[in-house]
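Student: Here's the letter readout for the chains.
2 protein chains.
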Amino acid sequence: MHIFCLQENLKQALNITEKIIGKNLTLPILNNILLAIENNKLKVSSTNLEIGINCLVAGKIQKKGSITVPARLISDFVNNLPNKRIELRVKPNNQLELKCEKFKANIKGLSADDFPIIPKIKDNPLVKVKGDIFKNALAQVVDMASVSESRPEISGVYMYFNKTSIRLAATDSFRLAEKNLEINSNSSKDNKLGDQSVIVPQRTIHELVRILGEKEGSVDVVLSGNQILFDLGYSQIISRLIEGQYPDYQQIIPDKTTTQIVVNRGELINNIKIASLFSGKINDIRFSVNPKKSLIEISSKDADIGENKSKIEGKVEGKETAIIFNYRYLLDGLNNILSDKVIIGLNDGSKPVVIRPVGDPNYTYVVMPIKV
Amino acid sequence: MHIFCLQENLKQALNITEKIIGKNLTLPILNNILLAIENNKLKVSSTNLEIGINCLVAGKIQKKGSITVPARLISDFVNNLPNKRIELRVKPNNQLELKCEKFKANIKGLSADDFPIIPKIKDNPLVKVKGDIFKNALAQVVDMASVSESRPEISGVYMYFNKTSIRLAATDSFRLAEKNLEINSNSSKDNKLGDQSVIVPQRTIHELVRILGEKEGSVDVVLSGNQILFDLGYSQIISRLIEGQYPDYQQIIPDKTTTQIVVNRGELINNIKIASLFSGKINDIRFSVNPKKSLIEISSKDADIGENKSKIEGKVEGKETAIIFNYRYLLDGLNNILSDKVIIGLNDGSKPVVIRPVGDPNYTYVVMPIKV
Chain A
0 MHIFCLQENL KQALNITEKI IGKNLTLPIL NNILLAIENN KLKVSSTNLE IGINCLVAGK
60 IQKKGSITVP ARLISDFVNN LPNKRIELRV KPNNQLELKC EKFKANIKGL SADDFPIIPK
120 IKDNPLVKVK GDIFKNALAQ VVDMASVSES RPEISGVYMY FNKTSIRLAA TDSFRLAEKN
180 LEINSNSSKD NKLGDQSVIV PQRTIHELVR ILGEKEGSVD VVLSGNQILF DLGYSQIISR
240 LIEGQYPDYQ QIIPDKTTTQ IVVNRGELIN NIKIASLFSG KINDIRFSVN PKKSLIEISS
300 KDADIGENKS KIEGKVEGKE TAIIFNYRYL LDGLNNILSD KVIIGLNDGS KPVVIRPVGD
360 PNYTYVVMPI KV
Chain B
0 MHIFCLQENL KQALNITEKI IGKNLTLPIL NNILLAIENN KLKVSSTNLE IGINCLVAGK
60 IQKKGSITVP ARLISDFVNN LPNKRIELRV KPNNQLELKC EKFKANIKGL SADDFPIIPK
120 IKDNPLVKVK GDIFKNALAQ VVDMASVSES RPEISGVYMY FNKTSIRLAA TDSFRLAEKN
180 LEINSNSSKD NKLGDQSVIV PQRTIHELVR ILGEKEGSVD VVLSGNQILF DLGYSQIISR
240 LIEGQYPDYQ QIIPDKTTTQ IVVNRGELIN NIKIASLFSG KINDIRFSVN PKKSLIEISS
300 KDADIGENKS KIEGKVEGKE TAIIFNYRYL LDGLNNILSD KVIIGLNDGS KPVVIRPVGD
360 PNYTYVVMPI KV
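Taken in order, these protein sequences are the chains called A and B. All letters in the first sequence, in the order written, are residues 0 to 371 by numbering that gives the first Met the number 0. All letters in the second sequence, in the order written, are residues 0 to 371 by numbering that gives the first Met the number 0.
To be clear, the hints were calculated from the coordinates, so they are not data collected in a lab. As the structure is a prediction and not an experimental result, all values here were calculated from the model. Glycine included, every Cβ here is placed at the ideal spot set by N, Cα and C. The reader is advised that the hints may include incorrect statements.
Claimed, not checked - Computed list of lysine-lysine pairs in DSSO-like fashion (alpha-carbon distance at most 27 Å, straight line): (1) A/Lys-103 / B/Lys-308; (2) A/Lys-314 / A/Lys-280; (3) B/Lys-40 / A/Lys-101; (4) B/Lys-340 / A/Lys-83; (5) A/Lys-83 / A/Lys-18; (6) B/Lys-83 / A/Lys-103; (7) B/Lys-314 / A/Lys-83; (8) A/Lys-255 / A/Lys-280; (9) B/Lys-83 / A/Lys-308; (10) B/Lys-83 / A/Lys-18; (11) B/Lys-83 / A/Lys-101; (12) A/Lys-214 / A/Lys-291; (13) A/Lys-90 / B/Lys-272; (14) B/Lys-318 / A/Lys-103.
What the hints assert, rightly or not - Taking beta-carbon pairs under 10 Å as the criterion, some of the chain A residues facing chain B (in silico): (15) Lys-103; (16) Lys-162; (17) Thr-163.
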């Protein structure tokens with residue numbers, strides 16, 4: 000392999016790909032980045048065996064070939080070079096020579112033959128969606144997925160595709176977020192597959208959100224067997240899917256509530272944070288609402304710390320009630336809502352509570368109260 | 000105790016004082032902040048038994064008294080309150096009640112009687128110095144002090160006061176920084192003590208730099224027995240001094256060198272960072288300089304990683320030479336120099352190397368090369 004490319008382009012490809020690489024002691028080649036010439040471009044690839052990322056870099060190809068080199072080393076090296084032309088050349092004994100202006104290095108690598116194969120997916124896209132909209136929608140749900148391994152089917156983000164929308168959901172059984180994304184039906188006209196649903200690992204979605212944050216454009220979503228491909232054009236993420244049946248979560252979203260509160264989101268977050276300082280080991284804080292006074296009172300108490308009480312004004316309709324929350328679950332939902340005001344729907348103290356942005360019917364957050 | 004004060008003022012005092020408080024399991028009262036009325040102000044104090052910090056907060060005093068409360072809790076609580084009037088009142092059983100608009104809390108505290116005494120220093124100031132200048136000077140040396148406990152006398156910052164200047168120095172025996180600070184001789188006219196020197200713990204200087212960063216003004220330095228007081232007016236830091244004889248470090252600063260290099264500091268830092276990626280376990284990188292070519296070549300090599308070479312143009316005078324450095328020590332010095340260009344003076348490969356900002360004779364950095 001022998002090519003010339005621009006530092007800026009190689010730097011960006013390395014930054015996108017290296018993030019999924021950890022420190023793998025049993026299979027050292029997983030610490031490496033694969034550099035290979037493919038279709039007259041330099042392909043930069045990484046994998047952790049669950050997710051693979053490819054980036055394409057334009058360059059002047061002198062000679063085909065491939066090599067793998069330690070991800071962190073080449074990334075740190077290239078990041079510190081001036082934004083000029085870089086020459087890369089594979090030397091005998093799996094060495095990669097890099098030259099850029101007055102800098103020259105030889106990096107010890109490993110043969111590309113031993114690098115795990117990242118599946119190639121050639122199927123037609125299921126759907127095309129705008130990158131920034133997709134990113135914001137995914138970011139609103141991804142953190143609610145379960146981190147526990149005991150129920151793998153809820154450790155990922157649920158995606159349900161039909162002709163006009165994508166529905167995203169994630170839950171850890173204590174709280175749930177759902178986002179509906181309207182899509183231009185033209186963009187899925189080639190879709191002869193009908194409705195489809197998949198469960199995508201949380202890590203994959205985190206990486207996708209990260210990579211989508213860096214450029215504009217659209218994303219093709221492609222399914223193939225137990226793999227999913229997010230194709231951003233300049234970059235591809237290929238991931239395995241999680242097998243299993245996603246729970247029928249929609250049945251737990253209450254369609255009627257006996258008390259409704261409309262309140263300023265920023266103020267509510269602040270009062271919850273203050274209450275959290277005095278909450279006990281189970282992170283419990285207490286809401287009590289009174290329609291007559293248009294007030295929400297938030298309180299918390301711990302025998303070792305002390306106690307706290309605060310009030311916020313809001314619109315309260317329906318029954319007077321009191322309910323105990325885990326403040327962390329409340330904050331996770333409120334921080335993922337983008338509107339100034341939220342509407343909170345309560346039933347009695349043991350039934351799921353629903354929180355929605357005022358003016359946006361497409362996001363729903365459900366949280367289980369703490370039973371007393 | 001019963002007082003009213005502004006949230007902003009109390010918040011600032013808590014933020015200044017709480018930073019030195021760690022998590023002390025053997026003496027829980029050290030996790031607390033002392034609140035006490037003194038000279039018609041609220042005094043907020045913290046101590047870790049080595050350093051004590053006092054801050055004064057203006058307020059309307061209704062009733063004298065004192066209490067201690069967990070530092071982190073009161074600080075987090077007050078930080079999240081609106082910038083309005085806060086009412087503080089000591090209740091029976093060492094409880095502190097706080098009220099601010101629609102927020103109310105009771106914090107469980109401990110009696111002020113059990114709080115360690117922070118020494119009161121009434122001596123005349125040795126010197127008065129401008130806060131921002133003092134802060135920048137201290138920041139340029141403080142990180143070079145030794146972190147090892149084996150030689151306590153070099154674990155602090157050396158300060159030598161005379162009528163016209165303060166000399167600051169710190170070393171860990173591998174490298175050394177010295178800063179001279181000219182002071183207005185009027186400001187020390189009351190000083191009847193003559194020349195004095197002390198060794199101040201590194202932690203104290205870090206706290207002083209932090210607190211000086213927040214406001215303008217001047218600092219009175221006061222010595223009393225084995226204590227030093229830095230009086231900022233709105234805040235005081237009182238610290239024990241380190242006993243012992245500071246080494247006669249000036250003898251190791253070379254007054255003549257056989258090779259001198261003048262080079263751009265930012266470029267040099269970048270090339271050292273790149274070389275560091277390929278350095279071995281002892282962080283070794285190699286400089287070789289040739290007066291005929293006006294070039295500095297920096298290289299590094301490790302059998303497992305690979306090798307690297309880069310060149311920078313600079314003015315080189317004197318003998319051709321090569322020398323091995325620990326790159327961390329070089330970067331520490333270069334990062335504390337503020338000028339665009341630096342002058343590096345070398346002797347042969349085992350003698351101390353001196354680095355100075357071009358145009359500023361008041362800062363000197365000395366680093367020992369790695370002997371080969």
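Student: Against each hint, give a clear statement of whether it holds in the structure.
Tutor: Hints, one by one, checked against the model:
no., hint, in the structure
1, A/Lys-103 / B/Lys-308, "holds (5 Å)"
2, A/Lys-314 / A/Lys-280, "violated (31 Å)"
3, B/Lys-40 / A/Lys-101, "violated (63 Å)"
4, B/Lys-340 / A/Lys-83, "holds (24 Å)"
5, A/Lys-83 / A/Lys-18, "holds (24 Å)"
6, B/Lys-83 / A/Lys-103, "violated (60 Å)"
7, B/Lys-314 / A/Lys-83, "holds (25 Å)"
8, A/Lys-255 / A/Lys-280, "violated (32 Å)"
9, B/Lys-83 / A/Lys-308, "holds (17 Å)"
10, B/Lys-83 / A/Lys-18, "violated (45 Å)"
11, B/Lys-83 / A/Lys-101, "violated (59 Å)"
12, A/Lys-214 / A/Lys-291, "violated (50 Å)"
13, A/Lys-90 / B/Lys-272, "holds (25 Å)"
14, B/Lys-318 / A/Lys-103, "holds (26 Å)"
15, Lys-103, "holds (5 Å)"
16, Lys-162, "violated (47 Å)"
17, Thr-163, "violated (43 Å)"
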